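Engineer: Spelled out from the first residue to the last, the chains are:
Number of protein chains: 4
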Amino acid sequence: MANSRFEYVKLFERENPLLPDTYIVLRVDGKGFHKFSAHYGFEKPNDAKALDVMNQAALSVMTKYPDVSMAYGDSDEYSFLLRKSCDLYERREMKLITTFASAFTTEYYYWWTQLFPEKPLDHERLPQFDCRAVVYPNFQVVKDYFSWRQADCHINNLYNTTFWTLVQKGNLTPQQAEQRLSGTLAADKNEILFSEFGINYNNEPEMYKKGTVLVREITEPEKQEQLSDRQKQREQKKRRKAEIKTLHCDIIKDDFWQQRPYLE
Amino acid sequence: MANSRFEYVKLFERENPLLPDTYIVLRVDGKGFHKFSAHYGFEKPNDAKALDVMNQAALSVMTKYPDVSMAYGDSDEYSFLLRKSCDLYERREMKLITTFASAFTTEYYYWWTQLFPEKPLDHERLPQFDCRAVVYPNFQVVKDYFSWRQADCHINNLYNTTFWTLVQKGNLTPQQAEQRLSGTLAADKNEILFSEFGINYNNEPEMYKKGTVLVREITEPEKQEQLSDRQKQREQKKRRKAEIKTLHCDIIKDDFWQQRPYLE
Amino acid sequence: MANSRFEYVKLFERENPLLPDTYIVLRVDGKGFHKFSAHYGFEKPNDAKALDVMNQAALSVMTKYPDVSMAYGDSDEYSFLLRKSCDLYERREMKLITTFASAFTTEYYYWWTQLFPEKPLDHERLPQFDCRAVVYPNFQVVKDYFSWRQADCHINNLYNTTFWTLVQKGNLTPQQAEQRLSGTLAADKNEILFSEFGINYNNEPEMYKKGTVLVREITEPEKQEQLSDRQKQREQKKRRKAEIKTLHCDIIKDDFWQQRPYLE
Amino acid sequence: MANSRFEYVKLFERENPLLPDTYIVLRVDGKGFHKFSAHYGFEKPNDAKALDVMNQAALSVMTKYPDVSMAYGDSDEYSFLLRKSCDLYERREMKLITTFASAFTTEYYYWWTQLFPEKPLDHERLPQFDCRAVVYPNFQVVKDYFSWRQADCHINNLYNTTFWTLVQKGNLTPQQAEQRLSGTLAADKNEILFSEFGINYNNEPEMYKKGTVLVREITEPEKQEQLSDRQKQREQKKRRKAEIKTLHCDIIKDDFWQQRPYLE
Numbered sequence: 001m002a003n004s005r006f007e008y009v010k011l012f013e014r015e016n017p018l019l020p021d022t023y024i025v026l027r028v029d030g031k032g033f034h035k036f037s038a039h040y041g042f043e044k045p046n047d048a049k050a051l052d053v054m055n056q057a058a059l060s061v062m063t064k065y066p067d068v069s070m071a072y073g074d075s076d077e078y079s080f081l082l083r084k085s086c087d088l089y090e091r092r093e094m095k096l097i098t099t100f101a102s103a104f105t106t107e108y109y110y111w112w113t114q115l116f117p118e119k120p121l122d123h124e125r126l127p128q129f130d131c132r133a134v135v136y137p138n139f140q141v142v143k144d145y146f147s148w149r150q151a152d153c154h155i156n157n158l159y160n161t162t163f164w165t166l167v168q169k170g171n172l173t174p175q176q177a178e179q180r181l182s183g184t185l186a187a188d189k190n191e192i193l194f195s196e197f198g199i200n201y202n203n204e205p206e207m208y209k210k211g212t213v214l215v216r217e218i219t220e221p222e223k224q225e226q227l228s229d230r231q232k233q234r235e236q237k238k239r240r241k242a243e244i245k246t247l248h249c250d251i252i253k254d255d256f257w258q259q260r261p262y263l264e
Numbered sequence: 001m002a003n004s005r006f007e008y009v010k011l012f013e014r015e016n017p018l019l020p021d022t023y024i025v026l027r028v029d030g031k032g033f034h035k036f037s038a039h040y041g042f043e044k045p046n047d048a049k050a051l052d053v054m055n056q057a058a059l060s061v062m063t064k065y066p067d068v069s070m071a072y073g074d075s076d077e078y079s080f081l082l083r084k085s086c087d088l089y090e091r092r093e094m095k096l097i098t099t100f101a102s103a104f105t106t107e108y109y110y111w112w113t114q115l116f117p118e119k120p121l122d123h124e125r126l127p128q129f130d131c132r133a134v135v136y137p138n139f140q141v142v143k144d145y146f147s148w149r150q151a152d153c154h155i156n157n158l159y160n161t162t163f164w165t166l167v168q169k170g171n172l173t174p175q176q177a178e179q180r181l182s183g184t185l186a187a188d189k190n191e192i193l194f195s196e197f198g199i200n201y202n203n204e205p206e207m208y209k210k211g212t213v214l215v216r217e218i219t220e221p222e223k224q225e226q227l228s229d230r231q232k233q234r235e236q237k238k239r240r241k242a243e244i245k246t247l248h249c250d251i252i253k254d255d256f257w258q259q260r261p262y263l264e
Numbered sequence: 001m002a003n004s005r006f007e008y009v010k011l012f013e014r015e016n017p018l019l020p021d022t023y024i025v026l027r028v029d030g031k032g033f034h035k036f037s038a039h040y041g042f043e044k045p046n047d048a049k050a051l052d053v054m055n056q057a058a059l060s061v062m063t064k065y066p067d068v069s070m071a072y073g074d075s076d077e078y079s080f081l082l083r084k085s086c087d088l089y090e091r092r093e094m095k096l097i098t099t100f101a102s103a104f105t106t107e108y109y110y111w112w113t114q115l116f117p118e119k120p121l122d123h124e125r126l127p128q129f130d131c132r133a134v135v136y137p138n139f140q141v142v143k144d145y146f147s148w149r150q151a152d153c154h155i156n157n158l159y160n161t162t163f164w165t166l167v168q169k170g171n172l173t174p175q176q177a178e179q180r181l182s183g184t185l186a187a188d189k190n191e192i193l194f195s196e197f198g199i200n201y202n203n204e205p206e207m208y209k210k211g212t213v214l215v216r217e218i219t220e221p222e223k224q225e226q227l228s229d230r231q232k233q234r235e236q237k238k239r240r241k242a243e244i245k246t247l248h249c250d251i252i253k254d255d256f257w258q259q260r261p262y263l264e
Numbered sequence: 001m002a003n004s005r006f007e008y009v010k011l012f013e014r015e016n017p018l019l020p021d022t023y024i025v026l027r028v029d030g031k032g033f034h035k036f037s038a039h040y041g042f043e044k045p046n047d048a049k050a051l052d053v054m055n056q057a058a059l060s061v062m063t064k065y066p067d068v069s070m071a072y073g074d075s076d077e078y079s080f081l082l083r084k085s086c087d088l089y090e091r092r093e094m095k096l097i098t099t100f101a102s103a104f105t106t107e108y109y110y111w112w113t114q115l116f117p118e119k120p121l122d123h124e125r126l127p128q129f130d131c132r133a134v135v136y137p138n139f140q141v142v143k144d145y146f147s148w149r150q151a152d153c154h155i156n157n158l159y160n161t162t163f164w165t166l167v168q169k170g171n172l173t174p175q176q177a178e179q180r181l182s183g184t185l186a187a188d189k190n191e192i193l194f195s196e197f198g199i200n201y202n203n204e205p206e207m208y209k210k211g212t213v214l215v216r217e218i219t220e221p222e223k224q225e226q227l228s229d230r231q232k233q234r235e236q237k238k239r240r241k242a243e244i245k246t247l248h249c250d251i252i253k254d255d256f257w258q259q260r261p262y263l264e
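Protein chains in written order, with UniProt numbering: chain A, 1 to 264; chain B, 1 to 264; chain C, 1 to 264; chain D, 1 to 264.
Don't take each hint at face value.
Identical chains share a label here; the pair holds if one copy fits it or two copies do between them.
To be verified - Listed next, the in silico DSS-like pairs over lysine-lysine satisfying Cα-Cα at most 27 Å (straight line):
id	residue 1	residue 2
1	K119	K189
2	K143	K232
3	K49	K119
4	K84	K143
5	K232	K31
6	K35	K253
7	K237	K84
8	K31	K169
Derived from the structure by calculation, the hints contain no laboratory data. A quick note: this is a predicted structure, and the numbers were derived from the prediction, not measured.
Construct all of the structure, not just a fragment, from the sequences and the given hints.
Structural biologist: Laid out in C-alpha cells, this is it:
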C-alpha cells in the first residue's frame, strides 16, 4: 500500500496512561472569561443564568460519562472526579483531557443557545475551555482538593460581592473600589457590606457562596474489590441510572463526605 | 488564609513541555462522526457543506493562532503544524491539546449554525473532537506525516466513492457492496467505477481526492535564527497579517514544499 | 561569559518528579548474570557467598539512604521500598534510579573484593545493574508487589533446585533435565526431589526458598501526619539509627506486615 | 500459578521511549567528588592519574556500546553522544540512563584498582555517579551542547589553576585565594598567573584546558538513510571495529566537526 512507507511517523506518538488505582480530577477552565462576561453583559458579581449554563453543561458531561462520581464548579471552572477504578480510554491522559475539554465546550455552547436565545454567540467571542488532569493517590487529598476549590470560591465571591456593592451601590469607580479593598481581611469585607450597605453576607445565595456540587447518588454500590466483567457491566449500568443531585452545600467539613462513603 | 492549608494539592499537578526546536503537529479528530453524519443526513460519500464546516473551523483556528504554519484536513480530522520556534503556552502539551480541542469544537459549532441554519444541533448528538500532539524533530518527517494523511485520504475516498456508487447507482445493499470490494486493489476500484458506471475517478472533485490544505503565505519571513524581542513581535504581526490560502493540491510530491521554503 | 551563549542547551533537559504521597519501589537487576555466574564459577543452584555479596550491597545501600523502609532480594535483583513521605532528590525519577543503580553497583564491587579476595573481577566481566522505579498509590499494592517477587523467587528456586539435582545427582545433561521438567507442576518437582533423591524441599535453606528481607526496625515512629522541619530531622535521625534486620521469612502472608505497622 | 494474582502490580510500571531520530546525550556525573578527591588525596588543581581513571572508564563504556559516536569529559563528568538512529534498549530512557550510570561506575572502580593499586577504595568513600539523558533534535544543538561543556571546563580550569597557584606558590589560605579571585575576569586570572608566578596559562597541559574527547573514527560510514537488517549488522560490526581516538582538542570551533561528518 502506498501509505505504508509513511506510517513510520506514528512511531513518534506518545501516550501517558495515568497511574492505576488513583483518583483522577479533570478540571476545565474558561479561556478569557473576563472578556467573555463583559462582551455578553453578565450581571455582576454573579449572573445566575450564565452560571446555569455552566451547571447544565457539567451535568450533561457527567451524565455522558458514568465514571464521573462528582463534580464541583464555580465561576468559569468545573472539576470532575473520576472514580479510582475508572478505565475510561485506558486512562490515557491526552484522550481524557481533550475529550472533556471538547465535551464541556460543546455542551456549554448548546446550553447557551437554550438559555440565552436572545444572545447568539458572536464569532469573535466564542466560549473556550482548557482542561488538565491531576492524579490523587488517596481520598484525603481528593477531599482537600475540593476543599481548596470551595475555599477559593468563597474568597473570590466575598471579594466580588463587596467590590461590586461598592461600585453599584456605593458609587465608587472600579479603581476606587479596588483600592478600598486592598489589604482587607474577610472580616473587614463582611463589615463593609453590613455597616455601609445593610447586607448580611451570610444571606447571599448559597450557589454564589458555595459553588455547585453535582453528585451521583449510588444507593447500593458493589462492595467487592474485584468484579467480574458481568458485575462491572451491572455496576456501570447502575451508575448510568443513578440520580445526579445538584447541591450548594459545604464540602470542606466532613459531613458531606461521611454521608457519601460510595464516593471513596 | 483559610485556603493555604489545602494548596499543597497543587503539588500533584504535572506538566509536559514539548521538546524545544521541534515541529509540533496537533491533530483533532471527530468523536463518533459515523453516527454524527448519519444523524444529520450527510450526503454520501462526501457532503460538501459538512466539509466546509470543517474547513471554516480550521481556518478560524489557524487565524486565531499565528504559530500555525499550515493545516491539512479531510473527513472528520484536521492536523495543525506549529512552527519549530513556536513558544505558545511555553509548549506545554496539556494546554496546547486541550486548547485546540476546545477551539476546534467551538468553531465547528459556530460554523454549523452558519452553514446549516435549517438543522440546529440536537442535544443527543453534539459535535465533539479529541486532540493529540506529536513532536517531529526534522522537516523530512513532517513532510512524511502530511503525506501519510493525504495518502490515507486518497485510500478512504476511493473506497467510499466506489462503495457508495455501488449502493446508490448499482443498487447493491451496503453488505453486498462491502463484500464486492473486499480484497480489491486501487486499480480494481478505478475499473469498477469506470467500466460499470462510466465514472473516471480522476475527474472527481479535488477536495474529495486530496483533502484541504491551509497554508499561511509568508512572503518575507525573517531570515535570522536568533530574533530580538522586537523582531519577534514584528514577525508575529507579519504572521497574523499573512494571507491563509486554501488549496486542494498534492502535498506528497516535493513541489508543494519546494515552493514554500518558509514552512521549514 | 563565553559560556552563556551555549547555555540554552539546558532548556532541552526534562525531569519527572514522581507523584507525592505514594510508595516508590526501586528495583535493581543484574545485567547478564547468567554469564556472570558461569564466568566466576558460582555454585548451583545457589551460591551462598555470591548471595551474601548481594545482601551486603543491599544493606549498605539501605544504610546510606534512610528513606528506604525495607528491601527484598533474591538471585540477581533487589527491590527497595521508599516510604510514602520520602522527598529524596525531590522524588526526581532520573536522579533516584541512576543513584541507586550506581550505589548498588559500587557496593557490589566492594563487597565482592571483600568476600571473594581470591577471585578478582575481570575486566571483560564486571558486575552491572539497571534500575527502574515503580510508583504504588496504596499499601495493599505494595504488599502485593513484594508478594509477587517472593512468589517468583519460590517458583525459580524450586525449578533450579530440581534441575540441578537432576544434573548433579541424577547424571542428566542440562538438556535432559530441562526436558524432564517441561510441563511439571510444583507438586511434581517436590515429588521428584523426594522420591528420587530423598530431598525434602521444605528443609532447604530459608534464604534460598524465601529470598532475603531487610527491614528497618523503627520502634517508635512519629505518629502525626504533618511534621515540622525539626520533627522531620529528628525522624530522619531516628531512621538512621534504627537497626536494619535481615530476615528470610514469608512476606506473602499478613503476619510480617501486621507486626510492622510502621512500614505503611 | 500462585504468582499470577500478584502480577497486576506490573501494570503500574511506566516507560519513556525517547523521541526517534534525535541525538541522545547521556551525561554521567560524580556524586560528592569534592570529598572523594580530598579523601584520596588528589593532586590539585588536576590529578593526572585520577583523570586517567575517568578516561579509561569512558573508553571502556564507549567500546562496550558501539552506538556511542563520541564522548567528552572533564573533572568528574562524562557526556556520551548516541547517534541519531540508535535503537539501544528501544531508546527506553530508564534503561539507558541506569545502564550507563552502572557501567561507568563499575568501570571506574575497575580502572581505579588498576591505576591506584596502592590506594584501595574505602567503604565509606566509594565512587558513585548519577546519569541523565537529554534529547537534541538537530546537530547544531549537539555541537552547542559539547561547546557548553568545554567552555565550562575552561572556566573551571582557569579558576582552579589560579586558585591553587595562589595557595601552593603564593602561600595564601584557601579563603584568601577565594577572596582574591572574587569578581575577576579571565584576563585578570591570566595576568595573576603570568605576572606573579611566571606561568603562561596557554602552556598548561591540553588535557586540563580542553578536557578529553573520545571519538569513534568511522572511515567509511554507510551513506543510505534506510538500511536493511543485514546492512545494519554490517554497520554495527564496522562501528565495533572502528578505532576510538583520544584527543584534547578544541571542539567549540568548527574544524573538529567539519573533519568528522560521520558524527552527524
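Engineer: Next step is simple, just say for each hint if it's right about the structure.
Structural biologist: Comparing the hints with the structure gives:
1. When the C-alpha separation of K119 and K189 is checked against a cutoff of 27 Å, the pair qualifies neither within a copy, at 34 Å, nor between copies, at 50 Å.
2. When the C-alpha separation of K143 and K232 is checked against a cutoff of 27 Å, the pair qualifies both within a copy, at 26 Å, and between copies, at 25 Å.
3. For the homomeric pair K49 and K119, the shortest alpha-carbon distances inside one copy (12 Å) and between copies (25 Å) are both at most 27 Å.
4. Taking identical chains as interchangeable, the C-alpha atoms of K84 and K143 lie at most 27 Å apart whether they share a chain (14 Å) or sit on different chains (19 Å).
5. In this assembly of identical chains, the alpha carbons of K232 and K31 lie at most 27 Å apart only when taken from different copies (24 Å versus 37 Å within one copy).
6. Taking CA atoms no more than 27 Å apart as the test, K35 paired with K253 passes in neither setting, with 34 Å inside one copy and 45 Å between copies.
7. Taking identical chains as interchangeable, the C-alpha atoms of K237 and K84 lie at most 27 Å apart only when both belong to the same chain, with a minimum of 17 Å there against 36 Å between chains.
8. For a Cα distance limit of 27 Å, the shortest separation of K31 from K169 qualifies neither inside one copy, at 30 Å, nor across copies, at 49 Å.
Of the hints listed earlier, those the structure fails to meet are numbers 1, 6, 8, in rising order.
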